[in-house]
Amino acid sequence: MDRSANSPPLHEPDLALHVEDLTVTYGERPALWDIDLDIPPGVLAGIIGPNGAGKSTLIRAILDLVRRSAGHVRLFGRPYRAQRLRVGYVPQRSSVDWEFPTSALDVVTMGLYGELGWWRRPGRSERDRALRALEQVGLEGLADRQISELSGGQQQRVFIARALVQQADIYFLDEPMAGVDATTERAIIDLLRDLRDAGRTAIVVHHDLQTVRSYFDWLILMNRRVIAQGPVERVYTADNLRRTYGGQVALLDTGHDPAAL
Amino acid sequence: MIPLLSDPTLQTVAIGTALLGVMSGVLGSFAVLRRESLLGDTLSHAALPGVCLGFMLTGARSLTALMAGALVTAMLAAFAMVLLVRYTRLKTDAALGIALGLFFALGVVLLTHIQATGNAAQAGLDAFLFGQAAALSRADLLPMGSVGLVAVGLVVLLWKPLKLLTFDPEYAAAIGLPVRALELLITLLVALTVVVGLQLVGVVLMTAMVIAPAAAARQWCASLHGMVIVAALFGAASGVLGGGLSALTPGLSTGPVIVLVASVLALGSLFFAPRRGLVPAWWRQGHRLSRTSSDRVLETVYQLACEHGSGRYRVEEGAVDAYHGMTTAAILTSLSDRGLLEAVEHMPDEGRHWRLTNAGMSYAATRAGRPDEVLGT
Amino acid sequence: MTDLLISPAVAIVLTGMLVGAAGALLGVFLVLRGNSMLSDAISHAILFGIAIAWLLTGATSGPVQIFGAALSGVLAVFLIESVVRTRRVRQDAAIGLVFPALFSLGVVLLNVFARDVHLDEHTVLLGEIGFVWLDQLTIAGWVLPRSVVTLAVILAMDALFITLFYKALKLATFDPELARTLGFMPTLLFYGLLSLVSGTAVAAFDAVGVVLFICFVIVPPAAAYLMTDRLGVMLFLAVAMATASAPLGYISAMALNVSIAGMMALATGGFLILALTFGPRHGLLARRARRRRLTDQPTEGTSSA
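Heads up: the sequence lines are chains S, V and E, in that order. Counting from 1, one number per residue, gives the positions in the first sequence under the working numbering. Counting from 1, one number per residue, gives the positions in the second sequence under the working numbering. Counting from 1, one number per residue, gives the positions in the third sequence under the working numbering.
You can take every hint at face value.
Estimated spans, in silico, between C-beta atoms of each pair: (1) V:250 <-> E:9: 38 to 48 Å; (2) S:81 <-> E:291: 42 to 52 Å; (3) S:183 <-> V:344: 46 to 56 Å; (4) S:116 <-> V:293: 51 to 61 Å; (5) E:192 <-> S:194: 35 to 45 Å; (6) S:183 <-> V:370: 56 to 66 Å; (7) S:28 <-> E:113: 36 to 46 Å; (8) S:38 <-> V:287: 33 to 43 Å.
Calculated directly from the structure, the hints in this document are not laboratory data. Fair warning: this is a prediction, and the values are worked out from it, not measured in the lab. For every residue, glycine included, the Cβ atom is placed at its ideal position computed from N, Cα and C.
Work out the full structure, taking the sequences as your base and the hints as a guide.
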C-alpha cells in the first residue's frame with residue numbers, strides 16, 4: 001500500500017459510497033454494528049428501518065459528525081474530509097432554529113460557504129447561484145422572506161436548495177418528507193429523480209414504507225446492522241421486512257449476550 | 001466540642017441552615033427534574049429589589065417584611081419570564097437572563113438609594129448579597145420555620161399530582177390536572193425557598209442550594225421520593241456543616257462555604273454513588289475485563305470471520321471493544337502472545353486490526369463444536 | 001481638550017458605552033445560540049480567576065489579571081461541558097453546579113488571603129464605575145482613564161473577531177452540524193467567542209460589576225431580536241441600544257442619586273420594553289394590528305403563512 005501520499009490512496013473509487021465494518025458506540029452499546037454498504041453512483045437509494053435503528057446515526061457517521069469506533073467510509077474512493085465539496089447534506093428540519101434572523105436566500109447561500117472557505121465573502125455570483133437553486137425548488141419568489149415565516153414544506157425546500165447549490169455529486173437527506181404536505185413531497189421526489197437522471201447519487205432516510213417501492217431504485221434495510229441492501233425489487237421482501245422490523249436484532253449469532261457479563 | 005454545640009448562636013445557625021437545606025433539597029428536586037434549575041438563579045437575583053422594598057416600606061430590618069418583599073419581586077420576575085417566553089420569540093434562556101439581570105439591577109439601584117439616605121439599619125441589607133448566618137436571630141427562625149413547614153407540607157399534600165406533572169406533563173394535562181396552577185405552585189414554592197435562604201446564603205448563591213443537593217441525590221436514587229429525601233438530607237448537611245464552619249471562622253461569608261460543601265457533596269455523588277457513579281462504572285468495566293474470558297473475545301473474532309466468509313478476515317479493535325462494552329486491547333494482545341491472533345494494519349484512518357492465525361482458527365472452530373470446518377481464505 | 005477625557009462624567013459614560021458595545025456584540029451570538037445563561041456562569045466564574053491571578057502574581061488589574069481571569073471563564077465552560085458529557089447531569093443543572101462552586105471558591109480565597117486588597121466580592125458583583133476616572137494612564141502624552149483604554153482594546157478585539165469570522169459564526173450559530181460538515185469547526189469558534197466573553201467580563205467587572213454586565217450581554221440583543229429579521233441589523237441595533245444606555249443611565253443615576261451601573265442596566269431594560277411594544281413585526285402593537293386586520297377580513301378557508 002502506498003503510504004507516501006498525503007491522502008489515503010483511492011479505495012473503491014467506482015462506488016459512490018463504500019462503507020466497511022462501520023461501528024458506532026454510544027455509551028456501552030453499539031448504535032451501529034459492522035455496517036457494510038456499497039452504493040453505486042447514479043441511484044436513488046432509501047434507508048429504511050424502525051425507530052432507533054441508527055439511520056440518522058449512519059449518515060452522521062459517514063459525514064464525520066459522530067466518532068466511529070471501527071470501520072471506514074469512502075466516497076468515490078476518498079475519505080469524507082477530502083470530498084466535502086462533492087457532498088450535499090440535508091439534515092432533519094428540526095435540527096435548526098427557524099427563528100434565526102435570516103432570509104431564505106441567505107440560508108441557501110450558506111451552502112456555498114464550504115467553497116468560499118473562512119475568509120471570502122459571498123458575492124454576486126454566489127447570490128446568483130443561490131437564486132438558481134431556489135428556482136429549482138420553486139421558491140424564487142420567497143428569496144427575501146424571513147425563514148420563520150415559511151411553512152414546513154417551504155423550509156424543507158430551502159434546506160434542499162442549500163444542498164443543491166453546491167452541485168454536489170452525492171446527497172444525503174435525513175427524513176426530508178417528514179411533516180411536509182403532499183405537494184411538497186411530490187416536488188421533492190421529482191427533484192431527487194432529476195438528480196438521479198443527471199447521474200448524481202441521492203441517499204435518503206425515509207420513514208414511510210408505503211412509498212418505498214415507488215420512490216427508490218436502491219434500498220437499505222437496517223436495524224443497527226444492515227439486514228439487506230441492493231436493488232429495491234430484490235430487497236423489499238416480506239422476509240427482509242420481518243427481520244428488520246421484528247424486534248431486537250442480535251449483533252452476532254453466538255447466543256451470548258455480552259451485556260449480561 | 002460540647003460547649004460549642006450549646007452555643008446559642010451556633011444552635012440558631014444550625015437550625016436555620018438545616019431548615020434551608022431541607023427546603024432546598026425538596027423543592028430543588030422538582031426544579032432539577034423539570035429542567036428548570038436556573039429558575040432558582042433568576043428568582044434569587046430577583047429577590048434583591050424586594051428585600052430593599054420591604055425595608056423601604058417598613059423602615060426596619062424585620063425579616064418578615066423583607067421576606068415578603070423578596071417573594072413578591074421573585075414571583076413578578078417569574079411572571080415576566082413566562083410572559084416573555086409565551087408572547088415573544090425569545091427563548092427560555094434569554095427570558096431567564098433578562099429577568100435575572102434587570103430585576104437585580106433594580107435591586108442594586110434601590111440598595112444604593114437606601115444607602116444614600118444614610119439609614120443606620122441598612123447596614124444589614126448588604127448581608128443579603130452573600131449571607132451572614134451569624135446575624136440570624138432566634139426570632140428570625142419563626143417566620144422561616146413556618147414558611148418551610150407550609151412549603152414542605154404542600155409538597156407532601158400534593159405529592160401525587162406533582163409527581164405526575166414532573167414525569168409526564170402531557171398525561172397529567174390529559175387527565176385533567178390543573179397543570180398551569182401546579183406549575184405556578186412549584187414556582188411559588190421555589191421562590192419561598194429562595195426567600196428563606198436569603199439571610200443565610202445570599203441572593204447570588206441560592207442557585208446552588210436549589211440545584212446541588214438535588215443533583216447529588218439524583219445519583220443515588222431513581223425514585224422521586226427517594227431523591228427528595230436524600231436531597232433534603234444533603235441540603236441539611238451542607239447547611240449545617242457550611243453554616244457552622246463559617247460561623248466559627250471570622251470573616252467568612254456563610255453563603256460561599258455552604259455552597260462549597262454542597263458542591264463537594266454533588267461532585268462526590270457524581271463520582272462515587274453506587275450505581276450511577278463514575279468510579280463504580282469504571283470499576284465495573286475493569287471487573288468485566290477480568291470476567292470476560294479470552295475465549296469469548298476469540299469467539300467474537302471467529303464469529304465475525306464466519307459472517308464475512310473468510311478466515312483471514314481482519315477485525316478492527318474498536319469493533320471488539322464495542323461488542324464487549326470495554327477496552328479489549330489487553331486480551332487481544334494476550335491472545336496474540338498465545339499465537340491465536342495476529343495484529344495487522346488495514347486502512348490508514350483506522351485503528352489496529354486483528355485476525356485469526358491457523359492455530360487460532362482451529363482452536364476457535366473446535367470450541368464452537370465444528371473442529372473439521374475449514375474457513376476459506 | 002485632553003482634560004475632558006478624564007473628567008468624571010465623560011470617563012464614566014465612555015466606560016459604560018464601551019462595556020455596552022462589547023457586551024452586546026458578543027451577546028447577539030449567545031442569545032441566538034440559546035446560551036444566554038452562560039454569560040451568567042462565566043461572569044460569576046471569573047471571580048475565581050481573579051482570586052487566583054492575584055494570589056499568583058499580586059496583580060489587581062491589567063493584562064495579566066484579564067488573561068488569567070478570562071481563563072477561568074473558559075474553564076467554567078469546559079467543566080460544564082465535561083459534567084454534561086458524563087450524561088448524568090443535564091445542561092441547566094450543570095451550569096448551576098459549576099459556576100456557584102467556582103464563585104464560592106473565589107470568594108473564600110479572597111476572604112482568607114486578600115482581606116486588605118481592594119478586591120472583594122462586592123466590587124466584583126457591583127463594580128464601582130463612579131471611580132473609574134481616578135485610575136489613569138498616560139499614553140503618548142494623552143491622559144486617559146485606565147478603564148477606557150482597557151475596554152477600548154477589548155472592544156477592538158471583539159469587533160475584529162466578529163468581523164473576521166462573521167460568516168463562520170453565522171453558519172455555526174444557525175446550523176452547527178452543517179458548519180461541521182463544511183469544515184468550520186463550530187466548537188472551536190464557540191470557545192473563541194466564550195473566551196472573549198470571559199475577557200470582556202473581566203475588563204468590565206471593575207466598572208459595572210458582573211451581574212450588570214449580564215444585562216448588557218443579554219438585554220440589548222434580545223431587544224434587537226424583537227425588532228429585526230436580519231443578523232447584521234440585529235448586531236447594529238444591539239450595539240446602538242447598549243451604547244445609548246450608558247449616557248441615559250448616567251443622567252438618571254445622577255438625578256436620582258443611585259447606582260450608575262444599575263441605572264445603565266435598567267436603561268437597557270427600557271429599550272427592551274420599547275422593542276416589545278413598538279417592534280415593527282414582533283412588537284405587541286404590531287401584533288395586535290395584524291390580528292385586527294385578519295379578523296376584519298372575511299375568512300376564506302385556511303391560509304398557509
